[in-house]
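The primary structure of each chain is shown beneath.
There are 2 protein chains.
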Amino acid sequence: MNPPEYFNKIYNRECRIIDEKLSGLLAAREPSSLYGPASYILDLSGKRLRPFLVLLAAKAAGAKYKEAYNAALAVEMLHSFTLVHDDIMDNADLRRGELTLHKKYDLSTAILSGDVLLAIAYEYLLKDAKKNAKEVIAEFTRGLIEVCEGQGLDKEFETRKKVSLQEYLLMITKKTAVLVETCCAIGALLAGADKKTVTGLRNFGLNIGIAFQIQDDLLDITGNEKEFGKKIGGDLIEGKKTFLLLTALRNARGQNLASIKRVINERGIPETEVLLYKQIFEDTGAIEEAKQTIKIFSDKALKSLRAFPDSQDKEIFFWLSDLLIKRAY
Amino acid sequence: MNPPEYFNKIYNRECRIIDEKLSGLLAAREPSSLYGPASYILDLSGKRLRPFLVLLAAKAAGAKYKEAYNAALAVEMLHSFTLVHDDIMDNADLRRGELTLHKKYDLSTAILSGDVLLAIAYEYLLKDAKKNAKEVIAEFTRGLIEVCEGQGLDKEFETRKKVSLQEYLLMITKKTAVLVETCCAIGALLAGADKKTVTGLRNFGLNIGIAFQIQDDLLDITGNEKEFGKKIGGDLIEGKKTFLLLTALRNARGQNLASIKRVINERGIPETEVLLYKQIFEDTGAIEEAKQTIKIFSDKALKSLRAFPDSQDKEIFFWLSDLLIKRAY
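Each protein sequence line maps, in turn, to chains A and B. In terms of the working numbering, the first sequence is residues 13 to 341. In terms of the working numbering, the second sequence is residues 13 to 341.
In short, the hints are calculated from the structure, not lab data. Keep in mind that a hint or two might mislead.
Heads up, the list lumps identical chains together, so a pair's fine if it works in one copy or across two of them.
[Unchecked claim] Heads up, simulated BS3-like pairs for lysine-lysine below, C-alpha to C-alpha not over 30 Å straight-line: (1) Lys115 - Lys174; (2) Lys116 - Lys173; (3) Lys174 - Lys116; (4) Lys290 - Lys273; (5) Lys252 - Lys116; (6) Lys303 - Lys174; (7) Lys307 - Lys243.
Required output: the full structure, derived from the provided sequences and hints.
Shown next as C-alpha cells:
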C-alpha cells in the first residue's frame, strides 16, 4: 500500500471509531427531550477533522490514539455547539444537507442543546486530562473564548461598511483557525509533550486553519459546484465580506471599485452576476492573492513541523494538509 | 454589634467587592459588540448569593476569601449565562427591572453573550484552582450539565399534561439547587478540605437550594407583592406547574380538582381568579405541605453542618439560611 492509501485508511478507520463513539455518547442520558436533539447534531456525519487532529497530534507527541479519544470527542462536541448556535444566528435552514437543529425542533431546544453539548465536552475532556488537567482545560477554554469572539466579529462585520483585510484575518483566525490550533495543542498536551513540540503542533494547526478558511472563500467562486457541495458564488450573493471581496476592494479602481462597493452597500448581488464578479476578482488580482496567501499559510504550517523527526506520524500531517488544501493552488 | 448586624455587614462588604470585580471584568476585552452586552447582564445588580456562598464555604473550610474570588466570579458568570439563555427561552422582557439582553440587543447577541460568559467562567475558575484543578472543574461542569438538564425538564413540563411531584422536585433540584450545591462544594474544594467537609457543605447547598425554590413557589401566592418584587399569582396566571399546583392536584377532589385541572389544560388563569386559587391551595393543604417541605429541607441543610466546629464561619451559614428562608414558615 502506498502512503496516501495507507493514511487514507487510518483516517477512515479513526472516523468510524469517532462516529461510533459519538452516536452512543448521549444515549443513556435524561431528559431525552434535551439529549435527543443534541444527539441529532452529533450524528450528522461531518468530516471529523478536528477530532482526527487531536488523535494525530497526540500520536505525533508520543501518546496512543486511545489516550486521546475522549478529548477528540470533546472538540467535536465543542465544534457542534458552535454549529448549532451559529445556525440560529445565521437563520440557516440546512446543515450538511439536513434540517438545522432549530428548524427541526425549535429555538429553545437548539439553544439548550448547544449549551449542554459544550458542558459535556468539558466532562469528556476531563476524562483524558491527567496530570496536566489545568493546562489542557485552559487550552480548551482559550479556544472556546476565541471562537465566541470570532463569531462576534463575524456578526459585527455583516453590518459594518468598512472591514480591513487585517480585521478579516483576525476574524477567521479566531472563528476557525484557533479551534484547529486547540485540537493540535490538546493532543500534544495529553501526550505530555515538551513546550517545543506543543508549539510546533499548535502552529501547524493555526496556520493550516487560516489557509483552509481562505481556501473556503476561494472555492466559493472557483470551485466545482458538485465537488464543493455548495452553490458557487453563495458568499457574493449573500454579500459576505470574504478574503476575495476585501482584497478586490483594496485593489480595484474605477468601474470595478464601484461594482465591489455595490456588493457591500446592497448586501449581496443577484445570482446572475456571479460570473461578472468572478472576472472582477481575476482582474483585480484577488484570486491570485488568495492563492498566494493560502500557500504562505500552508507552508508556514508545514514548516512548523520541521523540527520533528521524520516518521509516519509526521508524514500524515503532510498528507492531511494536502488533502485539505490541494484544490486551491 | 450583634451577630446578625455583623454578618449583614460582611455580606454587604463582600457583595460590594464582587460587584466591583464583575463591573471591570470584561472592560478590556474585544470585540465590544460582544463584551458590551455581556457586561450589561453582569452589571444588573443581583443578590450575589451564589458567589457569596463560594466565599463562605471556602472560609468555613479553612481558606481565605481572597483565595476564592475568581471562583466566586465564575459561578456568578455561570448563573448569568443561564439567565440570559433562559430569558430567551421564556421570551421574558424584563430581568431585575431592566430589559432582558435579547430585548435590549437582539437574539444573536444574547445567545453569544451567554456563551462567552460561560467560557470566561471557566477561565476564572482556573485562576483559583490550584492542585486539585481537575476536581474543581469537574464539580463546576457537573453543576453546569445538571442546570441544562433542569432547564430541559422545565421546558418539557410546560407542555406535558402530567408531571408528578417527584419529577418536579428533580427538576428544581437540577435547575436551581445543584448550582447552590456546586458553589459550596467548590469553595470547600478550593480550601483543600477533606471529603467529609466537602460533603457537609455540599449537602447544605443542595438542601437549602431546594427549600429556597419551594419557598419561591409559595411566595408567589402568599408573598407581599412589594417585598417579593413580583406580581402575586404570576405562576398561576402563566399556568406553571409549581409545588403548590402539583400538590393541590394530588390532594384535590371534586370541584377543586376540576379547577386545578383547568389551570393545566388552559395553561393559566385570568388574574381575577388568583384569590380563588389561593383558597383552593389552602383547602387542599398545599400551602401547609409547602411550608412543611421547606422546613424539612432547611433542617436537612442545617443538620449537614452539624459536624463542623462551632465558629463564626459556621454561624454565618445559619444566618444566611434564616435570611433566605425565614419568610416562609
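Hints, one by one, checked against the model:
In the homo-oligomer, the alpha carbons of Lys115 and Lys174 lie at most 30 Å apart only across protomers (27 Å), although the nearest pairing inside one protomer, at 32 Å, exceeds that limit. Taking identical chains as interchangeable, the C-alpha atoms of Lys116 and Lys173 lie at most 30 Å apart only when they sit on different chains, with a minimum of 23 Å there against 34 Å within one chain. Taking the closest pair of Cα atoms, Lys174 and Lys116 come within 30 Å of each other only across two copies (25 Å); inside a single copy the shortest separation is 36 Å, beyond that limit. When the C-alpha separation of Lys290 and Lys273 is checked against a cutoff of 30 Å, the pair qualifies only within one copy, where the shortest distance is 15 Å, while the shortest distance between copies is 65 Å.
Taking the shortest alpha-carbon separations for Lys252 and Lys116, both the intra-copy value of 26 Å and the inter-copy value of 26 Å come in at or below 30 Å. Proximity of Lys303 and Lys174 under a CA criterion of 30 Å is satisfied intra-copy only: 24 Å inside one chain copy versus 61 Å between copies. With identical chains, the CA atoms of Lys307 and Lys243 are at most 30 Å apart within one copy only, with a shortest distance of 25 Å there and 63 Å across copies.
Hint compliance for this structure: no hint is broken.
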